[in-house]
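Asks: Single-letter residue listing:
Number of protein chains: 2
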Amino acid sequence: MDVIRNGWFSEIQEDLWPGQSFSLKVKKVVHEEKSKYQDIKILETETFGMCLVLDGIIQCTQRDEFSYQEMISFLPLCCHPNPRKVLIVGGGDGGVAREVVKHPLVEEVHQVEIDDRVVELSKKYLPSMACGFENKKVKLTIGDGFEYMKNHKNEFDVIITDSSDPVGPAVSLFQESYYELMKNALRPGGIVCSQGGTYWTDLEYIKKTLNGCKNHFAKSAFALTSVPSYPCGHIGFVIGSLDENANLKEPAIKFTTGEIDNLNLRYYSTDVHRGAFALPRYVEKFLYE
Amino acid sequence: MDVIRNGWFSEIQEDLWPGQSFSLKVKKVVHEEKSKYQDIKILETETFGMCLVLDGIIQCTQRDEFSYQEMISFLPLCCHPNPRKVLIVGGGDGGVAREVVKHPLVEEVHQVEIDDRVVELSKKYLPSMACGFENKKVKLTIGDGFEYMKNHKNEFDVIITDSSDPVGPAVSLFQESYYELMKNALRPGGIVCSQGGTYWTDLEYIKKTLNGCKNHFAKSAFALTSVPSYPCGHIGFVIGSLDENANLKEPAIKFTTGEIDNLNLRYYSTDVHRGAFALPRYVEKFLYE
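Which chain is which? The protein sequence lines are A and B, in order.
Its first residue numbered 1267, the first sequence is counted upward by one per residue in my numbering.
Its first residue numbered 1267, the second sequence is counted upward by one per residue in my numbering.
The shape of chain A in the complex, shown without the other chains:
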């Protein structure tokens, strides 16, 4: 459920994060429709810029999206010594594609998004993200990520799953069978990174997803980034590597701060990479011990 009342949009999800709600002051509801898959809203907010809302849940705002998009992209890319071919599942706003193409070793980016309306509306209303689709390295397919991967085995170095939360069209992307599918679509030494929720509300669910990853990948870990417009103000990532010698917490490729600035990264850095894996003691204990 979501509510726009007295000029404020409130994100209320009693199943996912009961008893708490984040609200944004809205200048204008720019667009609203029900696509084949979900309810889509584009809001112009007072202080967070344009905002994409799917099924009542904030997906991204112009003000803080760079943190999410950079981290879901550069955490796995920098864990891989040679990430040439990348698959993005979801990510219909284009922000992940925008980040992935920045990596100097990336040659091809294939993206599968199920809902073409999210892509079209992002091109119209969120051009600072949708510009990702314009890069010539990017090939976008409208379709189902599951089906796509069944037909693309042993192809990718990195698979990034930029999904909505595990309700609605994204639910299958958190299941163990999805990790098996990704494993088969990867080349040897391949790496996956998926949106993984927040430990303040979903700790059991994170453990389940992480275990699904662990059962198919030699190394797995949970990392964090700060995103004020997400529930509890941050979001986690489940990362897995097929390389049994991988150390996910230490980037395989370490960009200097000069290189980081040249790549126009505002959040990610080698230090931020390392720090992202430092989990609160009770979370570390619950997930790993």
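A hint or two may mislead.
Since the list gives no way to pick out one identical chain from another, each pair is judged satisfied if it fits inside one copy or across any two copies.
Calculated lysine-lysine pairs in the BS3-like style (CA-CA distance at most 30 Å, straight line) [what the hints assert, rightly or not]:
no., residue 1, residue 2
1, Lys1402, Lys1368
2, Lys1485, Lys1515
3, Lys1551, Lys1368
4, Lys1449, Lys1551
5, Lys1389, Lys1294
In short, the hints are calculated from the structure, not lab data.
Based on these hints, arrange chain B on the given structure of chain A.
Replies: Quick look at chain B alone, frame taken from chain A:
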């Protein structure tokens, strides 16, 4: 301004964090009064336990306070090789005192809180925090931190300032003169740690506060912790050391995870300490370069 409407408490501060608001579902307004210094509310929430609100701003909730209290205490305590005598300014709920006394080297904790009503109400309604006052190491003075420090020079190893935001009674605790005062109240090699806001909304203000610290302390840094019920879901700390050889990012005393668990720390660990100083690239650049 704060609003309780349809059973939700909303924290709206158009001066401090315009256009955004965090809300908690409220079972019951347990207490409400205007003290000599501020408006005090105690709320019983649906999913965050008891919640203390001062002048419309959430100070702590039972569910997530441990992250803040542990970090504002153990970051500076673990930066000091021998923190025997500690001063807490503010912290009327007792949560910081509860954490500081856990440190095995701490012998004496002096605390100065300006508003006795916060202390009394915390004892009555927030006993899981106010238990800090019962420890025999703790000596509480009701009074002004500024005045207290003028009469206590060269006394403390660590000074922790657990204040509300820089509006109302706490405004002077963010000014450079406060850092000068703390410097004089410290023994050689002393360390300070203060609540420092969030970089998503207050970056200019953080820089100003950090510069105030830098002008009086040999080493200074900004660190972060996750607190869902605070604006943008986290809060920062400004930390300074008089020891020019100090490396704040690396604890002087490194507790093992076994020791961390025995101290009943749920958030802080040696890894979390290191990770807390990894700032987003744009923040690092703005504050340090």
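Asks: Indicate, hint by hint, whether the structure satisfies it.
Replies: Hints, one by one, checked against the model:
no., hint, result
1, Lys1402 <-> Lys1368, "within (12 Å within a copy, 58 Å between copies)"
2, Lys1485 <-> Lys1515, "both (11 Å within a copy, 27 Å between copies)"
3, Lys1551 <-> Lys1368, "between (35 Å within a copy, 20 Å between copies)"
4, Lys1449 <-> Lys1551, "within (27 Å within a copy, 38 Å between copies)"
5, Lys1389 <-> Lys1294, "within (18 Å within a copy, 46 Å between copies)"
Comparing the model with each numbered hint stated earlier shows that all of them hold.
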